[in-house]
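As you go down the protein sequences, you meet chains A and B in turn. Quick note on the numbering used here: the first sequence kicks off at 1 and runs consecutively. Quick note on the numbering used here: the second sequence kicks off at 81 and runs consecutively.
Hints are computed from structural coordinates only; laboratory data are not their basis. A portion of the hints provided could be inaccurate.
Unchecked claim - Each computed DSS-like pair below joins lysine-lysine, with the alpha-carbon atoms no more than 30 angstroms apart:
no., chain 1, residue 1, chain 2, residue 2
1, B, LYS84, B, LYS96
2, A, LYS72, B, LYS204
3, B, LYS96, B, LYS204
4, B, LYS434, A, LYS72
5, B, LYS128, B, LYS204
6, B, LYS434, A, LYS8
7, A, LYS8, B, LYS380
8, B, LYS321, B, LYS380
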Amino acid sequence: MLEQRVKKILSQLFQIPVESINEDTSSDTVPNWNSLAHMNLVVALEEEFGVSFSDEQMIEMLSYPLIVLTVKEAANEKTI
Amino acid sequence: MKIKHFSQFKIGDFAKLEHVITENDVAKFAELSGDDNPLHVNKTFAKKTVFKDTVAHGMLGASFLSALIGKHIPGNGALWISQNFEFLLPMRIGDHLTVLARVIEKYESQHILVLETTITNQHKQVVVKGTGKVRCLELEKLDQEQKAHEDPKVIIVIGGSRGIGAATAEYLAQKNYRVVINYSKDRAGAEATLQAIKENNGNAMIYQADVRNSESVDAMVRATVQTFGGVSGLVYCATSKVTASDFLQLEWQDIAEHFDLQLRGAFNCVQSILKEFVPQKSGSVVFIGSMAADATPMLKVTGYATAKAALHTLAKTLALEFGPQGIRFNVVSPGMTETGLIADIPEKTRLLTKMQIPLRRLAQPQDIAGAIEFLLNPNAKHITGETLRIYGGQLMI
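Looking at chain B on its own, in the form it has when it is part of the complex:
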């Protein structure tokens, strides 16, 4: 069954049908509705009135609008929610009616079309006019199938050369997304990710861009659109190494480094990708947060944790601002995850952390990738400004 989506209708779109009223139509309508007023069905009676002949039921003519709305504008999946009529002239048996509905207004938030409805006879006289409202129903499955067709399913993974980024790129490719593997310096890592994707018949490309440079990011987004025909999401995994330092030993540069890569980089990426998302009124962005910035922060990783906390808040402010335009921002916040990022963390700390986690293991990058894919896909279309915690139960809020 084909369903025309609300977004496919424009103001001015119209549909029409034609019908010649027969004696049989009038008889059937009288039987069905119970309206056997002699003005409609008794010629002798009608002759004595000012009309001089039988008059077809006004609602018989109007009923053809139901066919027009239900089958043509908007068609399958339409729900007619209101209508007013003015019956301007009588309709007679033998009249050749043209029934027309034209879109005069659209209510985006409720997917409602306002229709101007007119019925004219063979003499071009308007016999009935009115205004109706029709809701385009979102049939869940059909809508998703249609969206899947329209959605380019192209995701840029920032920091896709290693760790969570690489695992995410591979997982997304397995789920039939086309993936741009961004890297800054680790070309070998990006190529290894690409190779792994290709071995599984996935579709991806690598792209070098320093996210701290807005021109570099703009070029990456343009290249993505050129190669894959569009872009539907971005996953921001770029982060600096976690190193513990006493606060009094820190210099501002140590903090700025984290803010530069995590916050400024995310800022550049979002500014650039919104140029695609805003016109298409869709898009999903996932930032990688951290348990180190959630609730009680991790001790002595001030720069890392503060920048991550800023990223969590950035996702919320963006979710607020761009939610009305159909663009979603969420955070996936991992606990301690087995990646190169924790290479310097002592063995004892890892073992202790495992014992503090109810599921008794550290997260694997694939655990995080699964959560990211969930937030990118249409099943999460009503989730924005949210933080999905992947802590194995270590912190429950």
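Same shape as in the complex, but just chain A:
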């Protein structure tokens, strides 16, 4: 399931338990979510889902729900 795969990446990258990731998880609530970590996150998501994010999409992925929506969006674009 896409959501679980996103959670796993966030958990590994930011070293937080998968169970703690929810709709409120964002760059505000995760202490290590800085600009460098964000770029690592983008790369990890691209590798995991085989997608390529636009510059705009990279900036928009500021929270767990936004990442899920953006990955879905990118996956759809790839299909098209």
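Let chain A serve as the given structure and place chain B on it in line with the hints.
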């Protein structure tokens, strides 16, 4: 303590008091003022003068004006700011004085009464005459209490059947306003708002009126006055749905629809309610603006944003024109608010907006209602032509 308000005085109003001058009065005044001129206190000396007897101090007689102004006209809260006197005849011990002050002019902007002051004796001779100016002080709390009593606190909420309008109607009723819930088509929504108000022991009525029709609006204002005895404010929440379109796909009708409901509707409502506000010299109007029309407008919502921008400017022009008559116009401008109006906005846009807001949430209709109530109530009596932005910090100007 009872305070008579400036507005309660009319030209021609008067007050008077009577006093018989005694030897003791003269002695006390000489002691207090230090004026022990023998003409006032030494009969032997006075006999040798042209007056042939002691003369009471002119200012002793005039001092009774202080009592008249401080206790009767205008009374408590008066500040005597100037006075001139002509002492026409001497006042004697035993003279029966009638001290009279009459309002001959009013300065509205500074709450000043101009008084004609006269003191006559028992022979109907004017012994002292003059003119004084008195400021009626606005004692903040007492003034507000009195105003609260006079103010009908009746608000018409245009578009009160849903969203921000419904939340505002409910909030105002909680704050003891009597509320007219206007709706155009959504009777069920208006009734639900009314029901919620009644469950909290509030006082409200619903009224169907299409604000685009001036006769319909006039009838609503008349019905409000008939039912509640007056009207003190109007909140204009009517708006069309926000839909994004490319400019080149738009037809004029798409734009006109927004202007018809937002601007023409507001125009009709203001024209009608001013018939009540102008004679009573008070009233407060709040328009609901939008962040979509503030600073950098929202992309591709041309009709909505342009009409909202017009509404912002309408509030300012009205504030200028009717400020001198005590009528206030303000705008409450919400950012993205959780109402049916944004039902078509994609989830991702909402989530992104939340992340752009320092307070990290979209506004709730109740947040907007609180700001509206603030602008309607007397605490905001010196605020007009203003836009109160409820953006959670998303845009700081």
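message: Checking one constraint from the list: CA of B:LYS321 to CA of B:LYS380, max 30 angstroms. Satisfied?
response: 13 angstroms, holds
task: Quickly compare the C-alpha distance for B:LYS84 and B:LYS96 to 30 angstroms and report which way the hint goes.
output: Satisfied, since the Cα-Cα distance of roughly 17 angstroms is no more than 30 angstroms.
query: Does B:LYS96 pair with B:LYS204 here, judged by a C-alpha cut-off of 30 angstroms?
result: Distance of about 14 angstroms is within 30 angstroms: holds.
- prompt: Do the alpha carbons of B:LYS434 and A:LYS8 lie within 30 angstroms of each other, as the hint requires?
  reply: Holds, because 24 angstroms separates the two Cα atoms, which is no more than 30 angstroms.
query: Between B:LYS434 and A:LYS72, does the CA-CA distance stay at or below 30 angstroms?
result: 20 angstroms, holds
query: Regarding the pair B:LYS128 and B:LYS204, is the alpha-carbon distance no greater than 30 angstroms?
result: 28 angstroms, holds
- request: Below or equal to 30 angstroms on CA atoms is what counts here, so check A:LYS72 against B:LYS204.
  value: The hint is violated at about 100 angstroms.
message: Tell me if the straight-line CA distance from A:LYS8 to B:LYS380 falls inside 30 angstroms.
response: Not satisfied, since the Cα-Cα distance of roughly 38 angstroms exceeds 30 angstroms.
In this structure, the earlier hints numbered 2 and 7 are contradicted, and the remaining ones agree with it.
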